[in-house]
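Assemble the whole structure, with the sequences as input and the hints as a guide.
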Amino acid sequence: MGFMDRFERVMEKALVPVAAKLNSQRHIVAIRDAFILAFPITLAGSLIVLLNFAVLAPDGFIAKMLFLHKLFPNLADFQQVFAPVLNGSTSILSIFIVFLIARNIAIALKADDLLCGLTALSVFFIVYPEYIIVDGASLLSTQWVGAQGLFVAMLIGLLVGEVFSKLSKAKRLQIKMPASVPPAISRTFLVLFPIVIITILFSIGNAIILAIFPDGIHELIYTLIQTPLKDLGTNIVSLVILAIVSNLLWVFGIHGPNTIAAIREGMFAEAGLENLEFVAANGTAWGAPYPVTWAINDAFANYGGSGMTLGLIIAIFIASRRKDYRDIGKLSIAPGLFNINEPIIFGLPVVLNPILIVPFILVPAINIIIGYIAITTELIPPIAYSVPWTTPGPLIAFFGTGGNWLALIIGFVCLAISTLIYLPFVIAANKAANAQKSVETDSKNVSM
Amino acid sequence: MKKILLVCAAGMSTSLLVNKMNEAASGKGVEIDIVALPVSECEKAAAEVDVVLLGPQVRYQKSQVDTMVGGRVPVEVIDMRAYGTMNGGAVLERALELIDGK
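Residue numbers (the UniProt record's numbering), protein chains in the order written: chain S, 1 to 448; chain A, 1 to 102.
Just so you know, the hints here were simulated from the structure itself, not pulled from any lab data.
Everything numeric in this text was worked out from a predicted model, so none of it was measured.
Incorrect hints may have been included.
Each computed DSS-like pair below joins lysine-lysine, with the alpha-carbon atoms no more than 30 Å apart [claimed, not checked]:
| hint | chain 1 | residue 1 | chain 2 | residue 2 |
| --- | --- | --- | --- | --- |
| 1 | A | Lys20 | S | Lys330 |
| 2 | S | Lys166 | A | Lys44 |
| 3 | A | Lys2 | A | Lys44 |
| 4 | A | Lys3 | A | Lys44 |
What the simulated footprint calls covered on chain S by chain A, stretch by stretch (three residues with Cβ under 8 Å from a Cβ of chain A suffice, anywhere in the stretch; the number is not a length) [said to hold, decoys possible]:
| hint | stretch |
| --- | --- |
| 5 | 146-160 |
| 6 | 253-266 |
| 7 | 270-284 |
| 8 | 344-352 |
Glycine residues also receive a C-beta, built at the ideal position from the N, C-alpha and C atoms.
Shown next, in the form of structure tokens:
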């Protein structure tokens with residue numbers, strides 16, 4: 001116990017300030033919250049892809065199950081009705097992100113958030129590749145408004161957010177209107193000069209970059225930053241390390257997935273979106289360009305929430321005779337089915353429990369590797385359909401692969417494996433708790 | 001009417017606790033109004049409540065919330081066990097103590 005206590009104290013001292021920094025650093029928070037806010041819209045896009053290829057395609061798995069293709073012979077015609085939803089969600093994600101990040105920065109710095117977001121949107125298109133003239137019509141390429149433009153969107157969002165907020169505080173740049181002028185008008189005059197200055201500055205910057213790199217800033221950032229980062233992300237080692245870090249944070253009672261969200265999105269967002277676009281274009285998850293994405297974690301290693309605690313709950317029902325464990329298990333099962341596990345993490349607790357933290361970190365790492373092997377040996381297709389993380393466990397694997405039955409079975413195998421690994425640790429934790437209780441009643445020394 | 005703000009990560013698990021606290025309050029005949037919000041969205045609400053409680057999973061954000069509240073009302077991290085067992089009664093009790101103690 002002495003060693004564990006000291007270990008806890010050292011980790012608490014080292015980790016909590018780092019987590020606090022990460023979660024209050026305004027640039028990281030701005031990026032994280034931008035993705036959180038854009039999530040419902042990207043989700044709409046993914047649901048439509050699922051609907052179009054699972055329900056409305058004649059060979060879709062739900063269509064086949066319900067014999068929809070026999071009932072409605074022209075079923076596939078309806079796909080065209082819904083397909084444009086994707087054009088308005090993931091395909092233009094960078095536009096949402098650039099606006100939201102700049103807005104979040106302005107909120108943090110107490111500047112005019114709406115006009116700051118709009119200015120960033122303006123700048124995004126100032127540095128955007130020029131119109132292409134075809135048959136007298138000017139066309140704008142969609143290449144950089146979706147997943148591929150994410151990094152430029154993040155950079156511009158952060159830069160404009162900062163510069164706008166600073167400039168709008170400079171008294172000499174403010175135009176004060178008399179009190180009789182309506183507030184909506186005086187508000188725009190207040191930041192008129194900063195906005196003009198920013199748009200001009202970025203157009204000059206863009207011209208300089210174009211003179212040196214004729215392909216433009218998007219191509220430059222994409223090859224220089226986004227692609228290396230994506231390559232760094234879309235491999236099994238990074239995936240396992242990121243999962244371990246996320247779960248390790250939980251062990252110290254810190255919300256892991258939230259803390260690493262900005263890093264995770266930077267590494268995996270583009271790959272995930274390109275998989276989705278692939279599915280939308282080809283109607284199948286087989287052959288999706290990025291077999292290894294964060295989706296593997298959700299599909300095989302996040303049942304019950306971080307640490308795959310659905311396995312822990314089942315292990316408690318099998319092996320624990322302690323009333324407190326079984327009570328927490330009962331309380332945790334309903335939220336656990338939807339991958340929410342604060343009750344079990346804090347109630348049991350898993351936090352700072354020297355025995356349970358071992359499987360809590362080990363189980364997800366093993367299950368990620370199982371999912372990875374199943375995908376890379378082409379037993380199952382990549383998890384290319386995006387499914388909300390609150391979907392009950394194995395169903396994420398099933399829907400994520402576009403209805404692959406083997407993926408569903410592998411999901412249940414992963415659940416069984418997690419239960420088996422948790423079992424001996426639950427038994428050991430119970431023994432330790434019983435022993436500790438008798439010591440406590442002896443000495444009446446009840447401490448936290 | 002006592003107003004309580006719960007600060008959490010995304011509002012998923014905290015909403016469970018809110019229900020339990022409301023149950024406990026109606027059992028005791030206390031009138032309360034509880035809002036659960038993530039830290040990024042709680043600034044406005046923090047200015048209108050009588051006490052601010054943080055979920056243990058966001059306890060590292062306490063300094064941020066402290067600055068936001070500026071000492072106007074008490075700010076405290078919810079006891080880990082009470083949170084985990086969704087013990088609405090205990091959390092409510094503590095919240096009322098904090099309100100009275102100021």
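Is the straight-line distance between the alpha-carbon of lysine 166 of chain S and that of lysine 44 of chain A 30 Å or less?
-> 23 Å, holds
Are at least 3 residues of the stretch 253-266 of chain S within less than 8 Å of chain A when you compare beta carbons?
-> Answer holds; 4 residues pass the 8 Å Cβ test.
Coverage criterion applied to the stretch 270-284 of chain S (partner chain A; beta-carbon cut 8 Å; 3 residues) | violated (count 0)
Distance restraint between lysine 2 of chain A and lysine 44 of chain A, which requires alpha-carbon spacing of 30 Å or less | 17 Å, holds
Does lysine 330 of chain S lie within 30 Å of lysine 20 of chain A when you go C-alpha to C-alpha?
-> Distance of about 16 Å is within 30 Å: holds.
With a cut-off of 30 Å on the C-alpha distance, tell me whether lysine 3 of chain A and lysine 44 of chain A pass.
-> 13 Å, holds
Stated coverage of the stretch 146-160 of chain S by chain A [criterion: 3+ residues, CB within 8 Å] = violated (count 0)
Quick one: see if chain A covers the stretch 344-352 of chain S, three-plus residues with Cβ-Cβ under 8 Å.
-> The restraint on the stretch 344-352 of chain S holds, since 7 of its residues have a Cβ under 8 Å from chain A and three suffice.
When each numbered hint is compared with the structure, violations occur for hints 5, 7.
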